[in-house]
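There are 2 protein chains.
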Amino acid sequence: MAFEFERLATDGRARAGRLHTPHGSIFTPIFAPVGTQATVKAVPPKDLIELGATLVLANTYHLHLRPSSELIREMGGLHEFMQWNRPILTDSGGFQVWSLAAINKVDDDGVTFQSHHDGSKHRFTPEVSMTIQENLGADIIMAFDECPNPTDRTIVERAVKRTSQWAERCRVAHPDDGVQALFCIQQGGIFEDQRALSSEFITQLDCPGYAVGGLAVGESKTDMYRTLDFAVPMLPTDKPRYLMGVGAPEDLVEGVRRGVDIFDCVLPTRLARHGAVFTMDGRFNMGKATYRTDKNPVDSECSCYCCQNFTRGYIRHLVHSNELLGHYLLSVHNIHFLLRLMEQLRQHIVLGSFDEFANHFLSRYLTRTT
Amino acid sequence: MAFEFERLATDGRARAGRLHTPHGSIFTPIFAPVGTQATVKAVPPKDLIELGATLVLANTYHLHLRPSSELIREMGGLHEFMQWNRPILTDSGGFQVWSLAAINKVDDDGVTFQSHHDGSKHRFTPEVSMTIQENLGADIIMAFDECPNPTDRTIVERAVKRTSQWAERCRVAHPDDGVQALFCIQQGGIFEDQRALSSEFITQLDCPGYAVGGLAVGESKTDMYRTLDFAVPMLPTDKPRYLMGVGAPEDLVEGVRRGVDIFDCVLPTRLARHGAVFTMDGRFNMGKATYRTDKNPVDSECSCYCCQNFTRGYIRHLVHSNELLGHYLLSVHNIHFLLRLMEQLRQHIVLGSFDEFANHFLSRYLTRTT
Numbered sequence: 003m004a005f006e007f008e009r010l011a012t013d014g015r016a017r018a019g020r021l022h023t024p025h026g027s028i029f030t031p032i033f034a035p036v037g038t039q040a041t042v043k044a045v046p047p048k049d050l051i052e053l054g055a056t057l058v059l060a061n062t063y064h065l066h067l068r069p070s071s072e073l074i075r076e077m078g079g080l081h082e083f084m085q086w087n088r089p090i091l092t093d094s095g096g097f098q099v100w101s102l103a104a105i106n107k108v109d110d111d112g113v114t115f116q117s118h119h120d121g122s123k124h125r126f127t128p129e130v131s132m133t134i135q136e137n138l139g140a141d142i143i144m145a146f147d148e149c150p151n152p153t154d155r156t157i158v159e160r161a162v163k164r165t166s167q168w169a170e171r172c173r174v175a176h177p178d179d180g181v182q183a184l185f186c187i188q189q190g191g192i193f194e195d196q197r198a199l200s201s202e203f204i205t206q207l208d209c210p211g212y213a214v215g216g217l218a219v220g221e222s223k224t225d226m227y228r229t230l231d232f233a234v235p236m237l238p239t240d241k242p243r244y245l246m247g248v249g250a251p252e253d254l255v256e257g258v259r260r261g262v263d264i265f266d267c268v269l270p271t272r273l274a275r276h277g278a279v280f281t282m283d284g285r286f287n288m289g290k291a292t293y294r295t296d297k298n299p300v301d302s303e304c305s306c307y308c309c310q311n312f313t314r315g316y317i318r319h320l321v322h323s324n325e326l327l328g329h330y331l332l333s334v335h336n337i338h339f340l341l342r343l344m345e346q347l348r349q350h351i352v353l354g355s356f357d358e359f360a361n362h363f364l365s366r367y368l369t370r371t372t
Numbered sequence: 003m004a005f006e007f008e009r010l011a012t013d014g015r016a017r018a019g020r021l022h023t024p025h026g027s028i029f030t031p032i033f034a035p036v037g038t039q040a041t042v043k044a045v046p047p048k049d050l051i052e053l054g055a056t057l058v059l060a061n062t063y064h065l066h067l068r069p070s071s072e073l074i075r076e077m078g079g080l081h082e083f084m085q086w087n088r089p090i091l092t093d094s095g096g097f098q099v100w101s102l103a104a105i106n107k108v109d110d111d112g113v114t115f116q117s118h119h120d121g122s123k124h125r126f127t128p129e130v131s132m133t134i135q136e137n138l139g140a141d142i143i144m145a146f147d148e149c150p151n152p153t154d155r156t157i158v159e160r161a162v163k164r165t166s167q168w169a170e171r172c173r174v175a176h177p178d179d180g181v182q183a184l185f186c187i188q189q190g191g192i193f194e195d196q197r198a199l200s201s202e203f204i205t206q207l208d209c210p211g212y213a214v215g216g217l218a219v220g221e222s223k224t225d226m227y228r229t230l231d232f233a234v235p236m237l238p239t240d241k242p243r244y245l246m247g248v249g250a251p252e253d254l255v256e257g258v259r260r261g262v263d264i265f266d267c268v269l270p271t272r273l274a275r276h277g278a279v280f281t282m283d284g285r286f287n288m289g290k291a292t293y294r295t296d297k298n299p300v301d302s303e304c305s306c307y308c309c310q311n312f313t314r315g316y317i318r319h320l321v322h323s324n325e326l327l328g329h330y331l332l333s334v335h336n337i338h339f340l341l342r343l344m345e346q347l348r349q350h351i352v353l354g355s356f357d358e359f360a361n362h363f364l365s366r367y368l369t370r371t372t
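Residue numbers (this note's numbering), protein chains in the order written: chain A, 3 to 372; chain B, 3 to 372.
It is possible that part of the hints are untrue.
Because identical chains cannot be distinguished in the list, a pair is counted as satisfied if it fits within a single copy or across any two copies.
[Said to hold, decoys possible] Each computed DSBU-like pair below joins lysine-lysine, with the alpha-carbon atoms no more than 30 Å apart:
#: 1; residue 1: K297; residue 2: K241
#: 2; residue 1: K297; residue 2: K48
#: 3; residue 1: K290; residue 2: K123
#: 4; residue 1: K223; residue 2: K241
#: 5; residue 1: K241; residue 2: K163
Note that these hints are calculated values from the structure, not bench results.
My request is simple: use the sequences and hints to build the entire structure.
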């Protein structure tokens with residue numbers, strides 16, 4: 003029961019479901035805000051609850067470096083440490099090693115790298131990643147993978163092989179325990195045969211869930227959607243499917259349309275800190291002088307604390323003055339926007355009107371978003 | 003009625019009262035958190051309400067430079083702009099001109115200075131300060147004054163003269179209107195005769211309230227308390243008395259003991275952003291490594307959101323990682339601490355046990371605070 007996944011409705015390839023975890027159930031499709039360093043930047047847990055967030059992601063790489071997974075285990079685990087009693091997902095640390103750290107050595111056994119903070123030396127292997135994630139204690143943990151340039155066939159082929167071997171070692175190091183569900187990651191870049199190879203291998207491992215990795219890392223949106231077209235159906239229909247690192251509204255819609263259940267991304271909070279907001283009419287930057295005396299809310303169709311109380315003129319002042327309240331208000335708004343979008347997508351899957359809603363949403367949202 | 007001040011109880015020189023304003027009543031003694039740029043840094047208005055804050059201060063100098071008082075007037079005034087429907091106090095801009103700007107010219111008419119943001123040139127006179135504060139629309143506004151080095155007699159004498167002339171011009175420019183109460187400021191540094199001269203002049207202006215200015219600007223605490231001993235009784239007993247820029251817990255206690263009703267300071271929020279906290283046992287810095295695995299709350303006697311939910315170990319991690327949530331949680335805690343202290347002081351004035359409580363508080367608080 004702990005990690006049972008129920009598909010409750012489908013509409014085309016889109017699915018509405020429910021994933022049970024030891025910290026409560028997640029209605030899917032779902033977007034998970036990212037709490038990189040055991041906090042969703044600028045947003046207190048009580049506000050995340052008010053926003054209706056259920057699943058939060060935290061980063062293994064960052065928490066390993068600071069304050070360390072051993073410390074978090076000593077403090078009672080990540081749920082207790084950050085006071086988030088709903089489900090948590092941790093990544094494997096792999097992606098950050100590739101994108102943030104200075105890599106000293108990669109071999110078939112693992113990766114040696116230097117911290118982006120202080121240059122200190124560390125080594126991640128599949129087994130190390132499992133130990134760290136066990137210390138953290140998230141409900142969903144991820145297999146250690148190699149995340150390559152998705153358009154370079156030679157590199158992708160090697161990454162698929164390594165990711166397969168490492169997934170197997172993760173499954174051995176962390177068998178199903180009813181406490182933490184290990185999801186394995188499909189790699190393969192934009193290549194159908196490689197995605198197939200990768201899927202074939204990891205699905206044999208009979209995991210409680212699967213992720214599509216290695217996308218939204220620089221390839222075009224056309225490439226990403228085309229890849230999802232063939233990559234998602236390669237994963238079992240009766241298991242949750244997680245598209246890693248994706249959070250733009252249009253990508254959430256296109257991902258759900260193709261059968262993805264779970265998403266995460268720093269986008270809503272990172273954009274907020276730069277003054278950018280999602281609205282039904284597209285993405286805008288609130289720092290622009292045109293909003294100086296604008297008495298409208300950021301999004302007149304939004305029911306969040308920011309939009310119910312403050313004008314664009316005030317928000318523009320906060321952004322322009324780099325005030326912390328601006329980071330908070332826009333983070334709240336952007337998270338609210340994505341969570342509400344996911345709710346709507348789910349509702350329209352249940353009603354059987356997914357495509358109609360999705361196309362309507364996109365035609366309006368993309369008019370002004372480039 | 004709009005600005006009636008009621009003294010409800012006294013204990014020695016300490017007073018408990020109530021000041022009525024067009025945006026509601028303020029129970030005194032009171033501490034006002036500072037919202038320099040029309041926001042109390044990192045703390046949303048809804049949280050300030052939850053903390054029980056009534057009066058908030060905003061800075062004329064900063065708002066004049068960005069986004070400008072004309073813009074705020076166009077947006078409906080400061081209450082509407084920052085969504086704070088309780089009383090607001092604005093300072094005159096004088097203190098920031100002296101402490102932040104590059105001053106080009108001071109004469110008996112006013113001050114010409116350059117913005118600390120962009121070097122743009124501005125001129126403040128008593129009349130300009132009144133116009134700006136009328137645009138902002140705070141309930142309590144302050145006369146334009148010169149804030150000198152309090153221990154330099156020659157400079158203090160000149161500042162007292164100017165402050166008197168400027169106060170009179172402010173009263174002429176802003177007669178009582180039942181909407182904004184103009185408080186005039188006593189200067190005089192640490193010199194009793196100068197404080198007397200200044201008081202004599204400004205009390206003739208029959209203001210709805212008075213402030214003690216020019217303290218907590220670098221003089222010793224002994225000098226400050228000794229000055230308050232003679233300076234506060236020079237002000238009318240039937241009007242509210244405001245000690246500007248003071249917010250350390252020990253200074254609030256000593257100020258109230260000497261008959262002060264209103265205080266403001268950036269201290270609780272500024273300290274928070276540096277990881278420092280008030281507790282009943284003194285001031286501590288939560289960034290220290292000793293708190294790494296400390297499972298206690300910041301202050302085990304505190305009922306704020308921070309202390310009811312999070313450990314010192316987690317707070318230490320947030321401070322160490324410079325996470326925005328740390329700024330928020332410690333700002334909430336520090337503001338809560340000062341507001342609760344003021345409540346307790348008020349209660350003990352009413353009960354006639356002020357000195358007993360004050361001495362008990364100080365003997366404990368000052369044990370570890372240097």
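Query raised in the report: So which hints don't hold here, by number, going up?
Result: Per hint list: single violation, 1.
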